[in-house]
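Residue numbers (this note's numbering), protein chains in the order written: chain A, 1 to 337; chain B, 1 to 337.
If you're looking for bench data, these hints aren't it; they were derived computationally from the structure.
Hints are not guaranteed to be accurate.
[Claimed, not checked] DMTMM-like, lysine to aspartate or glutamate: derived pairs with alpha carbons at most 25 Å apart: (1) A:K81 - B:D94; (2) A:K10 - A:D201; (3) A:K10 - B:D94; (4) A:K325 - B:E203; (5) B:K293 - B:E129; (6) B:K244 - B:E220; (7) B:K81 - B:E46; (8) A:K10 - B:E336; (9) B:K325 - A:D94; (10) B:K165 - B:E129; (11) B:K10 - A:D94; (12) A:K165 - A:D201; (13) A:K81 - B:E327; (14) B:K81 - A:E327; (15) B:K165 - B:E203; (16) B:K81 - A:D94; (17) A:K81 - B:E336; (18) B:K81 - A:D201; (19) A:K81 - B:E324; (20) B:K325 - A:E336; (21) B:K10 - B:E324; (22) B:K10 - A:D201.
2 protein chains.
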Amino acid sequence: MSTVRILNAKEIERLFHLDMAVAAVERAYRQKSEGAGQVWPMVFHEFQHGVADLDIKSGDLMAEQIFGLKVVSWFGENGEKNLPALFGTSLLFDRCTGEPKALLNAGPITGLRTGAAAAVGAKALARPESESLLMVGCGHQSPYLIAATLYVMPGIRRVQVANAKNPARAAEALPALTEKVAALLSACGAERDYTVTAAADLEAAVRESDVILTATPSYEPLIRAGWVRPGTHLSCIGADMSGKEELDPELFHTAKAFGDDAAQCFSVGECEKPHAAGILGSLTEIGDVLTGKAPGRQSPAEITVFDSTGIALQDLASAAVILEKAEQEGAGLTAEL
Amino acid sequence: MSTVRILNAKEIERLFHLDMAVAAVERAYRQKSEGAGQVWPMVFHEFQHGVADLDIKSGDLMAEQIFGLKVVSWFGENGEKNLPALFGTSLLFDRCTGEPKALLNAGPITGLRTGAAAAVGAKALARPESESLLMVGCGHQSPYLIAATLYVMPGIRRVQVANAKNPARAAEALPALTEKVAALLSACGAERDYTVTAAADLEAAVRESDVILTATPSYEPLIRAGWVRPGTHLSCIGADMSGKEELDPELFHTAKAFGDDAAQCFSVGECEKPHAAGILGSLTEIGDVLTGKAPGRQSPAEITVFDSTGIALQDLASAAVILEKAEQEGAGLTAEL
Numbered sequence: 001m002s003t004v005r006i007l008n009a010k011e012i013e014r015l016f017h018l019d020m021a022v023a024a025v026e027r028a029y030r031q032k033s034e035g036a037g038q039v040w041p042m043v044f045h046e047f048q049h050g051v052a053d054l055d056i057k058s059g060d061l062m063a064e065q066i067f068g069l070k071v072v073s074w075f076g077e078n079g080e081k082n083l084p085a086l087f088g089t090s091l092l093f094d095r096c097t098g099e100p101k102a103l104l105n106a107g108p109i110t111g112l113r114t115g116a117a118a119a120v121g122a123k124a125l126a127r128p129e130s131e132s133l134l135m136v137g138c139g140h141q142s143p144y145l146i147a148a149t150l151y152v153m154p155g156i157r158r159v160q161v162a163n164a165k166n167p168a169r170a171a172e173a174l175p176a177l178t179e180k181v182a183a184l185l186s187a188c189g190a191e192r193d194y195t196v197t198a199a200a201d202l203e204a205a206v207r208e209s210d211v212i213l214t215a216t217p218s219y220e221p222l223i224r225a226g227w228v229r230p231g232t233h234l235s236c237i238g239a240d241m242s243g244k245e246e247l248d249p250e251l252f253h254t255a256k257a258f259g260d261d262a263a264q265c266f267s268v269g270e271c272e273k274p275h276a277a278g279i280l281g282s283l284t285e286i287g288d289v290l291t292g293k294a295p296g297r298q299s300p301a302e303i304t305v306f307d308s309t310g311i312a313l314q315d316l317a318s319a320a321v322i323l324e325k326a327e328q329e330g331a332g333l334t335a336e337l
Numbered sequence: 001m002s003t004v005r006i007l008n009a010k011e012i013e014r015l016f017h018l019d020m021a022v023a024a025v026e027r028a029y030r031q032k033s034e035g036a037g038q039v040w041p042m043v044f045h046e047f048q049h050g051v052a053d054l055d056i057k058s059g060d061l062m063a064e065q066i067f068g069l070k071v072v073s074w075f076g077e078n079g080e081k082n083l084p085a086l087f088g089t090s091l092l093f094d095r096c097t098g099e100p101k102a103l104l105n106a107g108p109i110t111g112l113r114t115g116a117a118a119a120v121g122a123k124a125l126a127r128p129e130s131e132s133l134l135m136v137g138c139g140h141q142s143p144y145l146i147a148a149t150l151y152v153m154p155g156i157r158r159v160q161v162a163n164a165k166n167p168a169r170a171a172e173a174l175p176a177l178t179e180k181v182a183a184l185l186s187a188c189g190a191e192r193d194y195t196v197t198a199a200a201d202l203e204a205a206v207r208e209s210d211v212i213l214t215a216t217p218s219y220e221p222l223i224r225a226g227w228v229r230p231g232t233h234l235s236c237i238g239a240d241m242s243g244k245e246e247l248d249p250e251l252f253h254t255a256k257a258f259g260d261d262a263a264q265c266f267s268v269g270e271c272e273k274p275h276a277a278g279i280l281g282s283l284t285e286i287g288d289v290l291t292g293k294a295p296g297r298q299s300p301a302e303i304t305v306f307d308s309t310g311i312a313l314q315d316l317a318s319a320a321v322i323l324e325k326a327e328q329e330g331a332g333l334t335a336e337l
């Protein structure tokens with residue numbers, strides 16, 4: 001029988017912090033570039049269009065000696081049953097023996113690893129002297145993106161939060177969001193000096209920001225190409241399904257595109273529409289920038305876009321580091337399978 | 001947090017028996033035919049050719065209100081580490097909410113559900129008056145196939161076991177195999193009256209058998225077309241990967257082909273080579289025979305072949321019935337995820 005460690009949401013929240021997520025995601029991108037990490041075909045199923053779906057993302061992380069999968073199920077009508085709409089469940093295996101090793105509630109991993117992805121893109125591609133950050137979207141993901149970016153770019157002093165459709169929503173969300181950002185930074189002992197305000201006007205906020213993060217469920221451009229000033233970096237995580245977009249495809253006439261997985265960016269990411277329209281021919285994978293195989297930003301005036309669609313290796317690398325810590329501490333439950 | 005039930009190998013061996021496996025597999029085939037069960041694309045990965053591989057089979061079983069997956073990893077060099085080469089791990093979810101429900105060691109399920117598949121094919125397609133059974137292959141799977149077929153076809157009186165390459169191996173394997181067959185039948189309270197002997201000559205045994213089961217890892221035909229007498233039924237479970245075969249493709253000039261999943265049978269099953277050679281144009285799915293949508297055997301002289309490649313729904317239906325029994329008994333471990 002195999003011994004399997006079971007880590008629930010509470011344990012993972014206790015064990016896993018921003019600094020670990022940033023390191024894990026950066027490692028995952030590097031390993032993909034070095035051929036030490038492999039993404040297997042994704043299984044996607046819609047139980048009912050717009051009501052319930054699921055995906056199974058799996059892959060192999062040789063350097064961490066694990067392989068595994070994450071099942072994300074979204075059941076939009078769960079609220080009526082007082083249940084969360086989203087469940088994330090990860091299963092990890094030992095890469096030397098194929099033996100099951102761990103079952104994890106991947107819910108608390110997703111926020112941190114997604115925030116870390118946007119931040120790793122910003123750190124690699126934004127101008128190092130960047131001082132102003134704009135977060136477009138004020139939902140569940142936003143504090144994770146802001147905190148992770150503040151963590152990796154301590155020079156950022158001003159954070160604005162915008163809701164593209166309804167500016168009042170950003171102001172309403174601000175107190176809880178600010179508190180969560182502070183808690184995420186403090187949980188990993190990071191002290192940062194910054195202000196957070198709500199943006200009254202999206203265009204004006206875009207025009208004055210060095211780094212822009214987007215995390216919305218939009219199916220139409222929110223940011224016009226003409227608004228983005230030279231030297232801006234954008235990390236976009238909203239587009240993760242065919243048809244979704246947050247940026248004006250015209251932006252890619254001048255902006256340089258980067259992504260986590262080229263094929264996935266062109267099929268479901270922010271790059272899907274500019275690619276289909278023939279505006280964008282190719283993109284550079286972020287892992288190749290991190291390992292020095294490909295150049296990143298080449299001038300202070302360049303506009304850079306990082307299209308983060310989400311890959312299994314981010315989850316696997318995060319799960320691996322959580323599992324290592326849990327094993328050291330003897331945390332969670334172990335069961336004979 | 002979700003409550004997940006964890007069922008290990010010992011619990012599953014205690015809870016799950018032949019009668020349940022036969023009923024579950026038959027239900028799975030019917031549900032596929034009725035559109036109430038759906039198989040999602042399989043993920044297959046070879047870590048190292050001939051040394052280590054894995055597959056992830058997933059699907060949706062609406063009637064049982066579950067969806068889920070099974071990961072089977074095979075690491076051929078595990079023997080050196082005193083570990084089994086094969087691990088099977090299943091994860092089940094509630095189809096109404098997407099919530100994780102159970103983690104199961106699928107190892108003890110696989111033998112029973114695979115034996116049940118061969119038997120369900122035989123029961124549906126063999127001549128009801130069949131009395132003689134030949135098992136080609138004397139490995140781990142064989143007792144499950146024999147016992148399940150004896151269970152569903154109580155008229156069978158004579159069982160022969162053959163090893164195609166080395167007849168002595170069948171004689172050596174006989175005592176343990178016979179004991180296991182008896183234990184499997186007795187575990188579900190089934191009494192059958194039969195003899196089991198080792199076949200000295202494969203051709204002679206084929207020529208005198210009503211029902212033939214094959215479960216070998218062969219990549220070349222073991223049974224010649226000319227050996228199979230009119231009226232014979234063959235259930236073949238060995239071919240589960242491109243290139244594998246146990247029957248002479250020429251047999252399909254006269255035999256009528258049935259399978260669990262047409263696309264999978266043509267890509268990895270016993271039907272792959274006769275289909276590629278243009279001998280076999282189409283096959284009937286067993287579920288359509290069970291639901292009466294398509295005819296099965298149409299005359300006592302017909303030769304019928306059931307190609308069982310293994311589908312996720314067999315595992316899901318088996319896991320569902322195990323989980324239901326475990327919940328009633330409060331068996332296994334429950335963990336808050």
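Structure-based check of all given hints:
| no. | hint | result |
| --- | --- | --- |
| 1 | A:K81 - B:D94 | holds, 13 Å |
| 2 | A:K10 - A:D201 | violated, 38 Å |
| 3 | A:K10 - B:D94 | holds, 22 Å |
| 4 | A:K325 - B:E203 | violated, 60 Å |
| 5 | B:K293 - B:E129 | holds, 24 Å |
| 6 | B:K244 - B:E220 | holds, 7 Å |
| 7 | B:K81 - B:E46 | holds, 20 Å |
| 8 | A:K10 - B:E336 | holds, 10 Å |
| 9 | B:K325 - A:D94 | violated, 30 Å |
| 10 | B:K165 - B:E129 | violated, 30 Å |
| 11 | B:K10 - A:D94 | holds, 22 Å |
| 12 | A:K165 - A:D201 | holds, 10 Å |
| 13 | A:K81 - B:E327 | holds, 21 Å |
| 14 | B:K81 - A:E327 | holds, 21 Å |
| 15 | B:K165 - B:E203 | holds, 12 Å |
| 16 | B:K81 - A:D94 | holds, 13 Å |
| 17 | A:K81 - B:E336 | holds, 18 Å |
| 18 | B:K81 - A:D201 | violated, 64 Å |
| 19 | A:K81 - B:E324 | holds, 22 Å |
| 20 | B:K325 - A:E336 | holds, 20 Å |
| 21 | B:K10 - B:E324 | holds, 17 Å |
| 22 | B:K10 - A:D201 | violated, 63 Å |
This entry does not satisfy hints 2, 4, 9, 10, 18, 22, going by the numbered hints stated previously.
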